[in-house]
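Residue numbers (this note's numbering), protein chains in the order written: chain A, 1 to 239; chain B, 1 to 261.
Read the hints as simulated data drawn from the structure, not as lab findings.
Note that beta-carbon positions come from the ideal geometry of N, C-alpha and C, so glycine has one too.
Some hints could be false.
[Claimed, not checked] Cut-off 20 Å, straight-line C-alpha distance, at most; resulting in silico cross-link-like pairs (SDA-like, lysine to any residue):
(1) B:K79 x A:R51
(2) A:K107 x B:P173
(3) A:K107 x B:R176
[Stated by the list, open to error] Okay, the calculated bits of chain A under chain B, using three or more residues with CB under 8 Å as the criterion:
(4) 63-76
(5) 97-110
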Amino acid sequence: MTAALEVAVTRHIGTFTLDVSFRVDSGTSVLFGPSGTGKSLTLALIAGLIRPDTGTISISGRVVTDCARRIDVTPQDRRIGMVFQDGLLLPHRSVIDNVALAVRQVKGRRARRTVARSWLERVGAAGLADRRPATLSGGQRQRVALARGLAGDPSLVLLDEPLSALDLEVRREMRAAIREVITSSGVPAVLVTHDAEEAEELGDVIIAYDDGRVTGTRPVARTESPERRDDDSHRTESA
Amino acid sequence: MKRKHSFWPTPSGRQKVAALVGVAVLGLGLGFGVAHLAAGYIAYWGVVSGPFLLTLRVASAAMLIAGVTGVAGGYLLAKGRFPGRGLLETVGSLPIILPPTVMGYYLLEVLSPGTRVGGLLTRVVGHTLIYNSAGCVIAAGVAAFPFCMRAARAAIEGVDPALELAARTMGMPEWRVALVVTLPLARRGIGAGLTIGSARALGEYGATLIVGGDIDGRTRTLSLAILDSFTTPERDTMILILVLMGAMAMTGVGLLARSPR
Chain A
1 MTAALEVAVT
11 RHIGTFTLDV
21 SFRVDSGTSV
31 LFGPSGTGKS
41 LTLALIAGLI
51 RPDTGTISIS
61 GRVVTDCARR
71 IDVTPQDRRI
81 GMVFQDGLLL
91 PHRSVIDNVA
101 LAVRQVKGRR
111 ARRTVARSWL
121 ERVGAAGLAD
131 RRPATLSGGQ
141 RQRVALARGL
151 AGDPSLVLLD
161 EPLSALDLEV
171 RREMRAAIRE
181 VITSSGVPAV
191 LVTHDAEEAE
201 ELGDVIIAYD
211 DGRVTGTRPV
221 ARTESPERRD
231 DDSHRTESA
Chain B
1 MKRKHSFWPT
11 PSGRQKVAAL
21 VGVAVLGLGL
31 GFGVAHLAAG
41 YIAYWGVVSG
51 PFLLTLRVAS
61 AAMLIAGVTG
71 VAGGYLLAKG
81 RFPGRGLLET
91 VGSLPIILPP
101 TVMGYYLLEV
111 LSPGTRVGGL
121 LTRVVGHTLI
131 YNSAGCVIAA
141 GVAAFPFCMR
151 AARAAIEGVD
161 PALELAARTM
171 GMPEWRVALV
181 VTLPLARRGI
191 GAGLTIGSAR
201 ALGEYGATLI
211 VGGDIDGRTR
221 TLSLAILDSF
231 TTPERDTMIL
241 ILVLMGAMAM
251 TGVGLLARSP
261 R
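Sequences and hints are given; from them, build the entire structure.
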């Protein structure tokens, strides 16, 4: 089976070196580790926002980055969706516009809006369509950002600390929403977090990061209820 | 705001009525006075209307050109690394630095049919570009261009690049990122540049005098008409011109202050 994502890259920034290699299949993979270990940088490389120094990246079997062969597909043409920590909704456009602007599989304003509206419904934000981003709460903003990330029919969705800017209460509520929407969409996801609880609840696979390297990969056992919240059992072990 | 104790005692109802009547009488008196003066100056409209309308036409055409090229230039300076970048930045800013008369002299060199470049230009366009309203438009446009370009550049550089990255991940090609994200978010700064540029175009004097020639009825703009009104018996027309310019300036400042976020 073709991997949803294959990454083998290096990138130097100042004294920091990122040197990672992993492979992701369907479901949600979590890049987990402390801050400053290169998780978000990895997402930026996958999205094509930053170029690696060496290595290759392929999404659904399609090579989007290959430094040796000078392949570097633009972010626009990678068919990815991205959800940023603070949403990064366009502040001068309505919620529905923000989502509709990301729809690329259909042509025409009306058709794009129809797709956008159905995604807003799926994330539970249908009532916010005509609002401006500045009037949304943190949780609402991230719901809209999630809809926007998935609305373009991407082959991969990247979530960069999507819940870190939220209050604890909202975060718990949003975890369930994210898990449900991504699972039902069937789009493979890569999620970055430094929160162990979040990694356990959202991930099917956890890829542990430390100091610019992958220190281990392990599947998450889904036998127990995801409601469980005793923190000790959530430590990530290196494989 | 919290209520504060006023230095003035709270007025009674009767005092309020008296104050209102006083203000009304003052206002009426002022209104009649202004109307009386205005009636006198409306007689000069016949003399001033030509230069006034010419100025509006020249400034609009100049701003159409300077606005589009200035914003495009500012966008390139803010975003691009390209050959000639330093040249665009320097030459594009010259009209701010150089005295307008010097700018006018350079323009005359470039536009006059007698020179090599000017001769070629004249043949391409089909008519001369000096001593007619085209010359005035070029002079005003060149004067306004740097304000448009520099303001646009600063405003575009002020747009959060993360939003542009987000737009790229949404699949927007670069030209759509510019039209949908960058320019709308920079609109306030661009608007300020266009307003100042318009003011500069409306008030352009030195280069317009040299390239346009101050021909009555053809190239005499309001700014030129002011000096002219000193030297003719109709000196009072100047006052009407000043009133018109004041009104235009205040409209511009008002629009600038009201422009949305």
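For each hint, the structure was consulted:
Under the criterion of a C-alpha separation no larger than 20 Å, the hint pairing K79 of chain B with R51 of chain A is consistent with the structure, at around 18 Å. Between K107 of chain A and P173 of chain B the alpha-carbon distance is near 15 Å, which keeps this suggested pair within the 20 Å criterion. For the given pair, K107 of chain A sits about 15 Å from R176 of chain B by alpha-carbon distance, which is consistent with the 20 Å threshold. Coverage of a stretch by a chain is defined here by at least three residues with a beta carbon nearer than 8 Å to that chain's beta carbons; for the stretch 63-76 of chain A and chain B the count is 3, and the condition holds.
Coverage of the stretch 97-110 of chain A by chain B holds. Counting CB-CB distances below 8 Å, 3 residues qualify, and the rule asks for three or more.
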